[in-house]
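The residues making up each chain are set out below.
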Amino acid sequence: MPLPSHMLSELAEQLGVRLVLNGGAGDIAITGINTLEEAGPAELSFLSNPKYAGQLKDTRAGAVIARPEHAADAARVLVADEPYPVFARALTLFARPQGSFEGVSSLASIDPSASLGEGCTVYPFSYIGPRAVLGKGCTVFPGCYIGEDCRLGDGCTLYPHAVLMAGTVLGNACVLQPGAVLGAEGFGFARTKDGINKVPQIGHVEAGDGVEIGANAAVDRAALSTTSIGSGTKIDNLVQIGHNVRMGRDCLIVSQVGIAGSTHVGDGVTMAGQVGVSGHLHIGSNSTIGPQSGVAKDIEEGKIVSGSPTMEYSSFLRLATLTPKIPELFKRVARLEKELGHKPIASTRTDSSLLSVWNRWMAKMHRK
Amino acid sequence: MPLPSHMLSELAEQLGVRLVLNGGAGDIAITGINTLEEAGPAELSFLSNPKYAGQLKDTRAGAVIARPEHAADAARVLVADEPYPVFARALTLFARPQGSFEGVSSLASIDPSASLGEGCTVYPFSYIGPRAVLGKGCTVFPGCYIGEDCRLGDGCTLYPHAVLMAGTVLGNACVLQPGAVLGAEGFGFARTKDGINKVPQIGHVEAGDGVEIGANAAVDRAALSTTSIGSGTKIDNLVQIGHNVRMGRDCLIVSQVGIAGSTHVGDGVTMAGQVGVSGHLHIGSNSTIGPQSGVAKDIEEGKIVSGSPTMEYSSFLRLATLTPKIPELFKRVARLEKELGHKPIASTRTDSSLLSVWNRWMAKMHRK
Amino acid sequence: MPLPSHMLSELAEQLGVRLVLNGGAGDIAITGINTLEEAGPAELSFLSNPKYAGQLKDTRAGAVIARPEHAADAARVLVADEPYPVFARALTLFARPQGSFEGVSSLASIDPSASLGEGCTVYPFSYIGPRAVLGKGCTVFPGCYIGEDCRLGDGCTLYPHAVLMAGTVLGNACVLQPGAVLGAEGFGFARTKDGINKVPQIGHVEAGDGVEIGANAAVDRAALSTTSIGSGTKIDNLVQIGHNVRMGRDCLIVSQVGIAGSTHVGDGVTMAGQVGVSGHLHIGSNSTIGPQSGVAKDIEEGKIVSGSPTMEYSSFLRLATLTPKIPELFKRVARLEKELGHKPIASTRTDSSLLSVWNRWMAKMHRK
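Going down the list, the protein sequences come from chains V, F and B. Count the first sequence with the working numbering and you get residues 1 to 368, in order. Count the second sequence with the working numbering and you get residues 1 to 368, in order. Count the third sequence with the working numbering and you get residues 1 to 368, in order.
Everything labelled a hint here was simulated from the structure, so no lab data went into it. Here the structure is a predicted model, which means the values were calculated and not measured. Do not take every clue at face value.
It does not matter which identical chain is meant; a pair holds if it fits inside one copy or across any two.
As a list, the in silico DSBU-like pairs of lysine-lysine whose alpha-carbon atoms are at most 30 Å apart [stated by the list, open to error]:
| id | residue 1 | residue 2 |
| --- | --- | --- |
| 1 | Lys364 | Lys198 |
| 2 | Lys57 | Lys331 |
| 3 | Lys193 | Lys303 |
| 4 | Lys51 | Lys193 |
| 5 | Lys325 | Lys343 |
Build the full structure now, drawing on both the sequences and the hints.
Here's what the structure looks like:
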């Protein structure tokens, strides 16, 4: 496929930055963007973190986006006070959309009662059910399922195998990565003295504008009413969102997080990877939750917490510092007891049976 | 799509409860069920938790299921001693099945040697391999894969993109949520001094009656013989079940749990979200394992455990209470040492380098 | 389907081991392999772990692979100094490949500019995009997506619903389990004072020879350049590999691990289940990381670590031994303080509100 190509001087103009040519260097065609280490002579690179300034003299990059103080440090420099956002804008000029099919494939299965807006693309092997409504310019990659009565805004992209169960509502410009599932049945089971009761899940899922859902992530439909994801919220791969969760705007939910049913998440919340959140909680707006945390209580607005169960981040950091010293603390206490004439407590040997199987597995795996 | 609609008086009869009409209210058509907060005038709601009794006077719900003491607190009340089970039964009357296609699509690919019971539905783009046998009334949504020699009981539902690799056996009335994968190759690799050896996985997966498997969950096929899931067991989204796991009846396995190979799980076991279980263990019947626990040893029947590695739940709770006080304990011991004339131990400053990257990430993410 | 069948004497020859027939037993046809407990009279079993030697006298197996000292302990014994590798080789003789379709289905959608090597199989409902190149003897199961400009080596297997986004490169003999997604958009979002900025992800994914990726696992494409997985590396189900991760050869990454962006992983690394690794780290070659660990700092070559955050495995084991004794340590310190005349610190009651919802959930789930 022909690479996109832009003259460097035109790039400077489009990005609104100054081009400095040093040592007789001329304008060149730029065909891509890469790191300082890996860029070739037809590629643009960037220096954002001063820590890497030393790489400037070794880079093979055809041109570099850098701060004014580095304007003379490479043959061709696009000078920017803040290189990173310029770099991010440059990326959009070189980003090629996935896929090149256009129109509606005759190998797709589209119910006659479904309605597709102008300029929609539907790849082969996708299924669009009765009364589903797609806005303008939506793209549906192969193998997607759009159940009956779904409503999609304009410009949504469903990558391969995305699933929208019946009644799912998406705003404009939503993106579903491959295998994302919206609207599967919530885990509505409860133990009773007569066994496990199943509670039908008659609600649905609604996402606002610009929501993105990661590969193989799952957002369950509500038991009643709606599981909702606010506009601008981005959800990473393999995340689980339980039934009746209500999540606000502009949240960042990193990979493998799990949020149990009926929890309300405010706006601007960030959850790092592998966090678990219990059900029926309130997570305050603009709070940040550290990786692998276990949230068992409400989190106040604006708090930074970590740990399982969670505590204030500063306490977590203090505790993480001291935890490796706990064995020493046991010894210190034993010494004090001895000095005060206490009968010695039998010393505690490291007990590898505690972790029996885990321990054996570690040993076996590490033996090469 | 026309909403399901039931006259309130008929609902009362079907549910076997008494209808009380207050203040001149008449019978009405009910079109759905919703929470007290969100229900509209044609919807039924319910009051189960006395904590929410205050919402009764503000609800717009057309009718409410409530205990006898609230029989006069709304215009139309379905009176039940136990509102919740009545509500759950009412839900089944309003639950619309997903999908409305019937019959076997000409766009499905079905091997001539496969056999489909009476009343089966197969959507477009599903593949059913040689010698597969489906019982009566099974529904196979778009994009499913049913490998050769699979055997399904009656009334099974495979939602979009469910995968059954060769030889998988399902009982009656099993439900696979979208993207669930049964029978992928177990992770049969072992390090040896000659590198990584692959052990072929020649077994299969068997599930009993009424088993449900969540969206994008994976149950691996056995190395030898069978990975088995007992009747009535419900497995949530994104769960991983390793090869040769044997799980009993009526277990509830919440989202993102991982169970390593050859572990045996008894009947009636509950695992909360994100639990990890090592391989080759025995998890006793009717035990309960808390969220994010790490199970490295056998669990006795009926135990409640939590933590990583697991301990008795009461000990876990005691430990969780004391953990935030550990930094203070270090200070208390230092004070005792000082009083007894010990040379002071250099104080331990909070060491943010411990968590270097994680720490920087937290700071960056929280800066808005 | 007819079972594979091999005469026991021929098996002995193929496996290069000695066949001992005891008590007048004759040669028989072997139709499968199973455990000592479950094998039937036409099945072969094996005794590797001396712990199970007692099972030899009760097994119904037609023949057993065992060490010389057990050559007389069953009717038919294949004698091997190391039974396990012989068993593993025997398995390959009985392993039936998944699927039996051959050729390129007319129900697949293959772009005319794509190129398929000799002997490729493409099942129905798979999509192969423009300029994709498949080597010889690749098998593409139903519902796979191979985006434009992908390049696959010889003998790759894509099980149902595997997804390769544009430009993905696979070496020879790679295996993608069902639902594996390579090349989804990296989670390139950053909070700024103007909201969440999306950084286009213009890189791709490259995997070496013999790489295996588990069911519903996700390997994101790079922001720039390449996310790479070295030859021989095996990745289990539901694993998340972030953008620009570079992983070496012969790593074993167990189920539900998550590795954040730009982390470099050496050769021969083992990560147990549910490990989380922060971004921009270096994980040294031949290191081993225990289950559920949280890696927030670089790991040196050859280390064994565990815990969240990680510490040396021996320290982790010591700490895990002492952790349940921390409540007792609090009591011991209080006693010392009392003896030295300190004002008593108010005792800390177990605080179940710490875990409010979690606690209630545990209680409810455990009540049957």
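Do the hints match the structure? See the list:
{"no.": "1", "hint": "Lys364 / Lys198", "in the structure": "between (42 Å within a copy, 16 Å between copies)"}
{"no.": "2", "hint": "Lys57 / Lys331", "in the structure": "neither (54 Å within a copy, 51 Å between copies)"}
{"no.": "3", "hint": "Lys193 / Lys303", "in the structure": "between (41 Å within a copy, 18 Å between copies)"}
{"no.": "4", "hint": "Lys51 / Lys193", "in the structure": "between (63 Å within a copy, 23 Å between copies)"}
{"no.": "5", "hint": "Lys325 / Lys343", "in the structure": "both (24 Å within a copy, 18 Å between copies)"}
Violated hint for the displayed structure: number 2, the only one.
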